[in-house]
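Here's the letter readout for the chains.
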Amino acid sequence: MSLQKENVEHIAILARIKLTEEEKGSFTEKLSGILNWVKELDEAPTESIEPINQIANLENVMREDEIKSSLPVEKVLENAPQKSDNFIKVKQVFE
Amino acid sequence: MEKELSNITIKKASEMLESDEITSVELTKHYLERIKKYNPKINAYICILDELALKQAEESDNRRIKNQELGIMDGIPITIKDNMAMEGTITTTGSKMLENFIVPYDATVIKKIKEAGAVILGKTNMDEFAMGSSTETSHFGPTKNPWDLERVPGGSSGGSAAAVAADLCVAALGSDTGGSIRQPASLCGIIGLKPTYGTVSRYGLLAMASSLDQIGPMTKTAEDAETLLRVIAGSDELDSTSSKSEFLISKQTPNTKLQNLKLGIPKEYFAEGLDEDVKKNIEGSIETLKKQGAEIIDISLPNAKYALPCYYIIMFVEVASNLARYDGIKYGYSTNDNSQQTNNNLMETYINSRSEGFGEEVKRRIMLGTYASSAGYVDKFYAKAQKVRALVKKDFDEAFKKCDFILGPVSPTTAFKLGEKTDDPLTMYLSDIYTIAINLAGVPAMSIPAGLSNNLPVGLQIIGPQFSDAKMLELAKLIEKVRGDFKSASLS
Chain A
1 MSLQKENVEH IAILARIKLT EEEKGSFTEK LSGILNWVKE LDEAPTESIE
51 PINQIANLEN VMREDEIKSS LPVEKVLENA PQKSDNFIKV KQVFE
Chain B
1001 MEKELSNITI KKASEMLESD EITSVELTKH YLERIKKYNP KINAYICILD
1051 ELALKQAEES DNRRIKNQEL GIMDGIPITI KDNMAMEGTI TTTGSKMLEN
1101 FIVPYDATVI KKIKEAGAVI LGKTNMDEFA MGSSTETSHF GPTKNPWDLE
1151 RVPGGSSGGS AAAVAADLCV AALGSDTGGS IRQPASLCGI IGLKPTYGTV
1201 SRYGLLAMAS SLDQIGPMTK TAEDAETLLR VIAGSDELDS TSSKSEFLIS
1251 KQTPNTKLQN LKLGIPKEYF AEGLDEDVKK NIEGSIETLK KQGAEIIDIS
1301 LPNAKYALPC YYIIMFVEVA SNLARYDGIK YGYSTNDNSQ QTNNNLMETY
1351 INSRSEGFGE EVKRRIMLGT YASSAGYVDK FYAKAQKVRA LVKKDFDEAF
1401 KKCDFILGPV SPTTAFKLGE KTDDPLTMYL SDIYTIAINL AGVPAMSIPA
1451 GLSNNLPVGL QIIGPQFSDA KMLELAKLIE KVRGDFKSAS LS
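Chains as they are written, first to last, in the working numbering: chain A, 1 to 95; chain B, 1001 to 1492.
So here's chain A without its partners, still in its complex pose:
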């Protein structure tokens, strides 16, 4: 399975990552190589197998809906690149 540069460009947008032209070339090659290799999975005999998504054998892990103290706001904001009052500042979301 080989990827084209346009596939890589599309994936990069979804992943919110920017690649230089050179990186696009090298990524296309390396990603294609890796995808070729994972193709082996197609042969695995999984016809009547249920998928598993966790191996801890746990189900419905809940807690009581009671208010507990959490991380104080000052601590949450300590690492925020931009902040104002008690808020993390973000860029305009809507045009």
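Possibly wrong hints are sitting among the right ones.
When the alpha-carbon atoms are kept at most 25 Å apart in a straight line, the in silico DSS-like pairs for lysine-lysine are as follows [to be verified]:
id, chain 1, residue 1, chain 2, residue 2
1, B, K1394, B, K1244
2, A, K30, B, K1011
3, B, K1267, A, K39
4, B, K1011, B, K1471
5, B, K1011, B, K1096
6, A, K18, B, K1096
7, B, K1417, B, K1280
8, A, K75, B, K1114
9, B, K1330, A, K83
10, B, K1096, A, K83
11, B, K1262, B, K1402
12, B, K1244, A, K18
13, B, K1305, B, K1401
14, B, K1290, A, K91
15, B, K1267, B, K1471
16, A, K89, B, K1096
17, A, K24, B, K1305
18, A, K30, B, K1380
19, B, K1290, B, K1267
The set of hints was computed from the structure by calculation and includes no laboratory data.
With chain A held as given, fit chain B onto it using these hints.
Then chain B, alone, in the frame of chain A:
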């Protein structure tokens, strides 16, 4: 004193502290001096917490003088892989993205380590976001293998492995998603244990792949690993994947004798790709155990060949999901902090922060995970991998009906040279061939030094059924006894 402290274990250090032969401050100073001397050559530590460590050591000594209650590891200097949150310190996960990230809370394991009274010497180097098998993707430069400074220590817990092997700490914590404790332990000649998934809380472990990650001990002896595991294990409300049962390490020593054990040898782990000398070493260890009375059984893990691609798909997808939080807005590297930047809009903030903050391997895996979970491909890759995971787990379930533990190699080779596998990512991925199935199945496994090949360590892997950690450690102790002393790396 120097000689007595050489390669000291948790056990020996505890005895010396208890009998007043040494204080925690003296022991901590001893390690800080060693770190100062040798770390520049090895680069095991990203950050050395000397002031904090000495303060913790002093507090420990005070507790002892005042006859106050002591923790299991009171006064013992250890180190932590730099992907575990320690309040007030920078936790980088080996990445530029978190180069200046001062964590506002303690990971559960750190809380437990502190409660046990241990002294934390610093944070160790690792592959960026735990992605790698050589510690070469770290933003802070590679770590060198203390056995040969031109070779890798393995990864991603290479810093922790090198620190223990070079005696720059008494013991360390690492994390294992596809072999990241066991493989560096094997390459550096130390003990490395990945517990049963759910045994140790992942709260505060900066996530790589949530259904695979597990924290574990990296130590000089199996007994030390047991002590450290006892400290960090336990159910945690803050980790919804943490096991509820208090199955764990019983304080009583289970009565394990080699004569009563059936040890399974999977033929798939001794096939093509395994270095001849490593194979001889492992087979030699197995033969020794046979002579000591263990029953050796041939077994098969028929879906072993699918385990590697299955692991990589699941891991890529979980990585893409977990690393979506790094967006240049809430914490971590932000392109908007760069004084050369003008007015980035929202999308540019995301894209530039991530592109500038992440290294190549991280970007590669995020891209692959994004692709494998995108519309039109998610069934082909991710859903399929989840089914294959069930097959891999079934292989182990079936195998453990026939044997008590499985033995095999940890790594197909001994430590390779720096730069040897960095050109082609696939070559690096293939070094995980014997370790990844264990994470898929959630079973415990450990690496124990078996022998040397060209003066480089070879690790023997022991794999057990889920929740057999305590018994597995007993087997490891028996193997150590039968093997005898294992040489340590000598540093000039």
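Each hint tested on the structure:
As the CA atoms of B/K1394 and B/K1244 are separated by approximately 23 Å, the hinted pair is consistent with the 25 Å bound. Proposed proximity of A/K30 and B/K1011 is contradicted: the alpha carbons are some 47 Å apart, above 25 Å. Restraint check for B/K1267 and A/K39: satisfied, since their Cα atoms lie roughly 24 Å apart, inside the 25 Å limit. In summary, the hint linking B/K1011 to B/K1471 is supported, as the alpha carbons are separated by about 19 Å, within the 25 Å threshold.
Restraint check for B/K1011 and B/K1096: not satisfied, since their Cα atoms lie roughly 37 Å apart, outside the 25 Å limit. Proposed proximity of A/K18 and B/K1096 is supported: the alpha carbons are some 16 Å apart, at most 25 Å. At roughly 21 Å between alpha-carbon atoms, B/K1417 and B/K1280 fall within 25 Å of each other, so this suggested pair holds. Between A/K75 and B/K1114, the direct Cα distance comes to roughly 21 Å. Compliance with the 25 Å bound is thereby established for this hinted pair.
Our distance criterion of 25 Å between C-alpha atoms is met by B/K1330 and A/K83, whose separation comes to about 9 Å. A C-alpha spacing of about 21 Å is found between B/K1096 and A/K83, which places the hinted pair at or below 25 Å, so the restraint holds. In summary, the hint linking B/K1262 to B/K1402 is supported, as the alpha carbons are separated by about 8 Å, within the 25 Å threshold. In summary, the hint linking B/K1244 to A/K18 is not supported, as the alpha carbons are separated by about 43 Å, beyond the 25 Å threshold.
Annotation: proposed proximity of B/K1305 to B/K1401 holds, straight-line Cα distance about 21 Å (limit 25 Å). For a cut-off of 25 Å, the pair hint linking B/K1290 to A/K91 is broken: about 66 Å separates their Cα positions. The suggested pairing of B/K1267 with B/K1471 holds, with an alpha-carbon distance near 24 Å, which does not exceed 25 Å. Proximity of A/K89 to B/K1096 is assessed by CA-CA distance (about 22 Å); at most 25 Å being required, the pair is judged to hold.
Using a Cα cut-off of 25 Å, the hinted pair A/K24 and B/K1305 is violated, with the two alpha carbons roughly 30 Å apart. With a CA separation close to 20 Å, the supplied pair A/K30 and B/K1380 stays within the 25 Å bound. In summary, the hint linking B/K1290 to B/K1267 is supported, as the alpha carbons are separated by about 17 Å, within the 25 Å threshold.
Consistency note: the structure conflicts with the earlier hints numbered 2, 5, 12, 14 and 17.
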